[in-house]
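K.L.:
For reference, the chains in residue letters:
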Amino acid sequence: MMMKLRQGEHSVHRTPRAVRLLAGCAVLAILAGCATPEPRPAPEEPATDVPEPEVLEVEPGAAEDPELAAGVDSAASGLAQRAEQARADAELARAGQLLERALRIAPRDARLWQRLAVVRLEQRNFDQAERLAQRSLGMAGNDRDLQRENWTVILQAREGRDDTEGAREAREALRALGGERV
Amino acid sequence: MPRSSRSRSSRKRRPAGGRLRRVLRAGTWTLLGLLLAGAGVGVLYVQNLDREIRAQFEGQRWALPARVYARPLELYPGRRLDRERLVTELEALNYQRSGKGARAGEYEVNDGTVALTTRPFTFGDGPEPARSVRVQMDRGHVRSITDRDTGAAVDLMRVEPLLIGSIYPTHGEDRVVVDLDEVPPALIGALIAIEDRRFMSHRGVDPAGIARAAWANLRAGRTVQGGSTLTQQLVKNFYLTREQTLSRKLNEAVMALILEHRYSKEAILEAYVNEVFLGQAGERAIHGFGQAARFYYQRPLNELRLDQLALLVGLARGASYYDPRRHPERARARRDRVLNAMHETGLADADTVATARGMPLDVSPAMPGGSRFPAFLDLVRRELRAEYADEDLRSDGLRIFTSLDPVIQLAVEERVREEVAAVAPRAGEHAEELQAAAVVTDARSGEVLALVGDRNPAYPGFNRAVEARRQIGSLVKPFVYLAALTNPRRYTLASLLEDRPVTLQLAHGEPWTPRNFDREHRGEVTAWEALVQSYNVPTVRLADRIGVSQLVDILQTFGLQATPAPNPSLALGALELSPLQVAGLYQGLASGGYATGTRAIRDVLDADDEVLSHYGLELRGAVPDGAVRLLGEALHDVTVDGTGRAIGQRLPQRRLAGKTGTTNDFRDAWFAGYDDRHVGVVWLGMDDNRATGLTGGSGAAPVWAGIMGELPGGSIEEGRHPSIEYHEIDLDSAARIVDEDHACERVRRLPFWQNSAPEAVAECEGEADGDAAGWFGRMFRNQD
Numbered sequence: 001m002m003m004k005l006r007q008g009e010h011s012v013h014r015t016p017r018a019v020r021l022l023a024g025c026a027v028l029a030i031l032a033g034c035a036t037p038e039p040r041p042a043p044e045e046p047a048t049d050v051p052e053p054e055v056l057e058v059e060p061g062a063a064e065d066p067e068l069a070a071g072v073d074s075a076a077s078g079l080a081q082r083a084e085q086a087r088a089d090a091e092l093a094r095a096g097q098l099l100e101r102a103l104r105i106a107p108r109d110a111r112l113w114q115r116l117a118v119v120r121l122e123q124r125n126f127d128q129a130e131r132l133a134q135r136s137l138g139m140a141g142n143d144r145d146l147q148r149e150n151w152t153v154i155l156q157a158r159e160g161r162d163d164t165e166g167a168r169e170a171r172e173a174l175r176a177l178g179g180e181r182v
Numbered sequence: 001m002p003r004s005s006r007s008r009s010s011r012k013r014r015p016a017g018g019r020l021r022r023v024l025r026a027g028t029w030t031l032l033g034l035l036l037a038g039a040g041v042g043v044l045y046v047q048n049l050d051r052e053i054r055a056q057f058e059g060q061r062w063a064l065p066a067r068v069y070a071r072p073l074e075l076y077p078g079r080r081l082d083r084e085r086l087v088t089e090l091e092a093l094n095y096q097r098s099g100k101g102a103r104a105g106e107y108e109v110n111d112g113t114v115a116l117t118t119r120p121f122t123f124g125d126g127p128e129p130a131r132s133v134r135v136q137m138d139r140g141h142v143r144s145i146t147d148r149d150t151g152a153a154v155d156l157m158r159v160e161p162l163l164i165g166s167i168y169p170t171h172g173e174d175r176v177v178v179d180l181d182e183v184p185p186a187l188i189g190a191l192i193a194i195e196d197r198r199f200m201s202h203r204g205v206d207p208a209g210i211a212r213a214a215w216a217n218l219r220a221g222r223t224v225q226g227g228s229t230l231t232q233q234l235v236k237n238f239y240l241t242r243e244q245t246l247s248r249k250l251n252e253a254v255m256a257l258i259l260e261h262r263y264s265k266e267a268i269l270e271a272y273v274n275e276v277f278l279g280q281a282g283e284r285a286i287h288g289f290g291q292a293a294r295f296y297y298q299r300p301l302n303e304l305r306l307d308q309l310a311l312l313v314g315l316a317r318g319a320s321y322y323d324p325r326r327h328p329e330r331a332r333a334r335r336d337r338v339l340n341a342m343h344e345t346g347l348a349d350a351d352t353v354a355t356a357r358g359m360p361l362d363v364s365p366a367m368p369g370g371s372r373f374p375a376f377l378d379l380v381r382r383e384l385r386a387e388y389a390d391e392d393l394r395s396d397g398l399r400i401f402t403s404l405d406p407v408i409q410l411a412v413e414e415r416v417r418e419e420v421a422a423v424a425p426r427a428g429e430h431a432e433e434l435q436a437a438a439v440v441t442d443a444r445s446g447e448v449l450a451l452v453g454d455r456n457p458a459y460p461g462f463n464r465a466v467e468a469r470r471q472i473g474s475l476v477k478p479f480v481y482l483a484a485l486t487n488p489r490r491y492t493l494a495s496l497l498e499d500r501p502v503t504l505q506l507a508h509g510e511p512w513t514p515r516n517f518d519r520e521h522r523g524e525v526t527a528w529e530a531l532v533q534s535y536n537v538p539t540v541r542l543a544d545r546i547g548v549s550q551l552v553d554i555l556q557t558f559g560l561q562a563t564p565a566p567n568p569s570l571a572l573g574a575l576e577l578s579p580l581q582v583a584g585l586y587q588g589l590a591s592g593g594y595a596t597g598t599r600a601i602r603d604v605l606d607a608d609d610e611v612l613s614h615y616g617l618e619l620r621g622a623v624p625d626g627a628v629r630l631l632g633e634a635l636h637d638v639t640v641d642g643t644g645r646a647i648g649q650r651l652p653q654r655r656l657a658g659k660t661g662t663t664n665d666f667r668d669a670w671f672a673g674y675d676d677r678h679v680g681v682v683w684l685g686m687d688d689n690r691a692t693g694l695t696g697g698s699g700a701a702p703v704w705a706g707i708m709g710e711l712p713g714g715s716i717e718e719g720r721h722p723s724i725e726y727h728e729i730d731l732d733s734a735a736r737i738v739d740e741d742h743a744c745e746r747v748r749r750l751p752f753w754q755n756s757a758p759e760a761v762a763e764c765e766g767e768a769d770g771d772a773a774g775w776f777g778r779m780f781r782n783q784d
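So the protein lines, in turn, are chains G and P. The opening position of the first sequence corresponds to residue 1 in the UniProt record's numbering, with each subsequent residue numbered one higher. The opening position of the second sequence corresponds to residue 1 in the UniProt record's numbering, with each subsequent residue numbered one higher.
Source of the hints: derived by calculation from the structure; they are not laboratory data. Quick reminder that beta carbons are idealized off the backbone N, C-alpha and C, glycines included. Some hints could be false.
[Stated by the list, open to error] For each label pair, taking beta carbons as the anchor points, the in silico distance ranges come out as:
hint, chain 1, residue 1, chain 2, residue 2, range
1, G, Asp-89, P, Arg-198, 51 to 57 Å
2, P, Gly-172, G, Asp-89, 54 to 60 Å
3, P, Gly-172, G, Thr-164, 32 to 38 Å
4, G, Ala-93, P, Gly-346, 32 to 38 Å
5, G, Ala-88, P, Glu-759, 37 to 43 Å
6, G, Asp-89, P, Asp-111, 39 to 45 Å
7, P, Asp-179, G, Ala-88, 51 to 57 Å
[Said to hold, decoys possible] Which chain P residues stay away from chain G? Per the calculated CB distances, all over 12 Å, these:
hint, residue
8, Tyr-321
9, His-430
10, His-614
Work the whole structure out from these sequences, hints included.
P.N.:
Okay, here's the thing in structure tokens:
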């Protein structure tokens, strides 16, 4: 939906849903850490660049009160909409500023992180695009659409950096998520 | 030659007259020649003045100081904010508490509702209109915001940001340029009434005015009136030196005529209201009414009352002679004269003038514009210097938007003053010299919210928060343990570490034997205990096992710029950092493993509101958040059971995390830690590195608790991580407890990441471990 890039390339093969789901979980478990407490082979060296999933939580204090949470949400999403408009007007810097402002209000909103990742990607700041997408992925929980969108950003960031091997991994992750767009 | 014959004949008739004529003719020619030459010189002279005038009038007229702003307060339903904090912010912005809060810069409090009217402001991401709203607050949160005009709900708005400082032009002129249509008509009227009543009709010079002034001066025997028009005064201020010579007077008159010829009355007035000298504060000269309004009343010009406008107009005649702060009686008399002049010219009726004359002077006692938050401003200047030339900062009218939260800053300043005064006596005979620094940053973005560089936060001296590089001691330990915990197959919080004497080689080959703070050795301790109780020996052994270079790596992932030699002593904090740099390292821990570095500036805008630089959120390295979460749990225990337990005692309702640091001979007392949204770092020590007698736990932790208690933060997350589970652990054997009916002496519930809990099951039967427990056992016996 937000990702306009590479939209034309729809994959044609269709695997049964259950298989895709399983494969998705397996690849995710390796690449991002799946949301299930499965053991996974831990690297001997401390990992320094692959984030783990973080628990998605609304603003503390607002948590016990849905009305407060809704207020925070609507303030942040209003800014996100303005950012989207700025992006559509090719005012990428302004879009970034608006999203950063939204993130100050709702720092745990995984979708805001993803939107900022897209803006950085369009600014050809591939390094930040990937890191922001990883950050979003870490908070995405089980939201497969969001996971897909983040992996798409990661893929394009890696392609932008000519990181062939990294791009291949991202493509695999996307395929596992049923990312038909790749 | 009829002409010559005629002249000859006339000479005959009137010989004397002929000579005169001859002289006259020669004189005429000479005069004509002289006049022509004079005119030529005059044309050149006028052309020259004209060029000078146009250069000044049409170029960039003034060198404008850079303005530094705090972060704007964002208001939206659901925001954590209590009434006191909102009022503190409004008071800092010099909002007036009034009956309705309906005019710009006014507010009113009614139980849980704060009514306020903001001022319009342009930010980097666009303009924010003025709004008149009711903010309803309840239990520490904004409940709703209602527009008072339309009744509509407001989702999000910003209050204009507090001006926290300026970077002035080298000549010291400070001004806020205003357009003529922003100037209250009453001010223009008063100015014309008192200074130059024929301003609208004369052509730059007013002979009638000069005559009247000369007559008045003659009668008084001294100078009581000036005959200068506003145009002449502008010329005097604008182009000329202060010397009183005839040639200067001539220049002034000619230039006034040229100015009037070239430009409209409006343009001349606008230049005047921005140029006129209206006050002095040290090196800083206040020019123009826009800045004078802020300087004397801390409000924008359009919010001033008639009497206040009259006072400012009165200052145009002599800002130091009529200085309302130093000479209130003179200032008052002058103000009243201006008000009378307004009455005489029909600008104000008798009642209005009487009311205005009855008002007190009420200029603000403090002179705003000095650096109110010197340490933070110093940091801003340092960050700017990397990209901007000093001259641009001083003259281009840049606007610099920072992350400072004035409400938090004021609270931190107050806490530092009081808490440091409370712990200082324990530093013994040199208690007075104990110094302090404190930093508060936003945990997610790394933005600096508050910075204190001196025990007396208003003192603009050595900025310890940024400049003091001190050994960080045990503040480094969390990173040793984090490096281990990222490898859950080999290390957990229950890993047993050796606590027996060890001697290692330092870089130059000398042997090094680290000791625990209490000089005891405990044989074996869990990693959890070693961290929470800050034991040195097991930490050094752990670092040695995983490799000190791993520690360097993880520190660099979290933003360390330097590359320290991988000496084993690094594991005990043989590394010199500033409090701000420490905050940068801890920010990564507070945000679940994502390092961002620290920043104080958000945007730099030029005078036309174009964004010159944007310092955005930038993610640096990342460490798996499961490992960071384990560490966070242990760091929370530091504040409850460990070396920082003073914190848990003071703030029992909050889940906070952090670490103490104490360097050799008690030279530095540190505490660094975080809540769910802030990172805080406190340092105490002596500038000359003398011993303080304070530890991180006894000295810095109470100050830190005092600060965190004032912040609008909550508790760090507990549990609820998909790949973390908790197990009861026997601390002596580091084995799991499965039987509820156990006899283990020292039991603790610990988190484990990725199924890394020990498989061994504790067998605490009889008195097997009884003697090993000691005081430590007693301490934890009733924990879970």
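K.L.:
Now look at each hint and say whether the structure bears it out.
P.N.:
Outcome of the hint check:
Between Asp-89 of chain G and Arg-198 of chain P the beta carbons are some 53 Å apart, a value that agrees with the proposed interval 51 to 57 Å. Roughly 42 Å separates the CB atoms of Gly-172 of chain P and Asp-89 of chain G, a value that falls outside the hinted 54 to 60 Å. Range check, Gly-172 of chain P to Thr-164 of chain G: about 60 Å between beta-carbon atoms, so the 32 to 38 Å window is missed. Taking the beta carbon of each, Ala-93 of chain G and Gly-346 of chain P are about 53 Å apart, not inside 32 to 38 Å as hinted.
Between Ala-88 of chain G and Glu-759 of chain P the Cβ separation comes to about 57 Å, which falls outside the hinted range of 37 to 43 Å. For the hinted restraint 39 to 45 Å between Asp-89 of chain G and Asp-111 of chain P, the CB-CB distance of approximately 44 Å keeps it satisfied. Under the hint 51 to 57 Å, the C-beta atoms of Asp-179 of chain P and Ala-88 of chain G, about 34 Å apart, miss the expected range. Listed as outside the interface, Tyr-321 of chain P is consistent with that label: its C-beta sits roughly 48 Å from the nearest C-beta of chain G, beyond the 12 Å cut-off.
No Cβ of chain G approaches the Cβ of His-430 of chain P within 12 Å, the least distance being about 42 Å, so the stated non-interface status holds. Annotated as non-interface, His-614 of chain P brings its C-beta within 12 Å of a C-beta of chain G; the closest such distance is 6 Å.
Checked against the numbered hints listed earlier, the structure breaks hints 2, 3, 4, 5, 7, 10; every other hint is satisfied.
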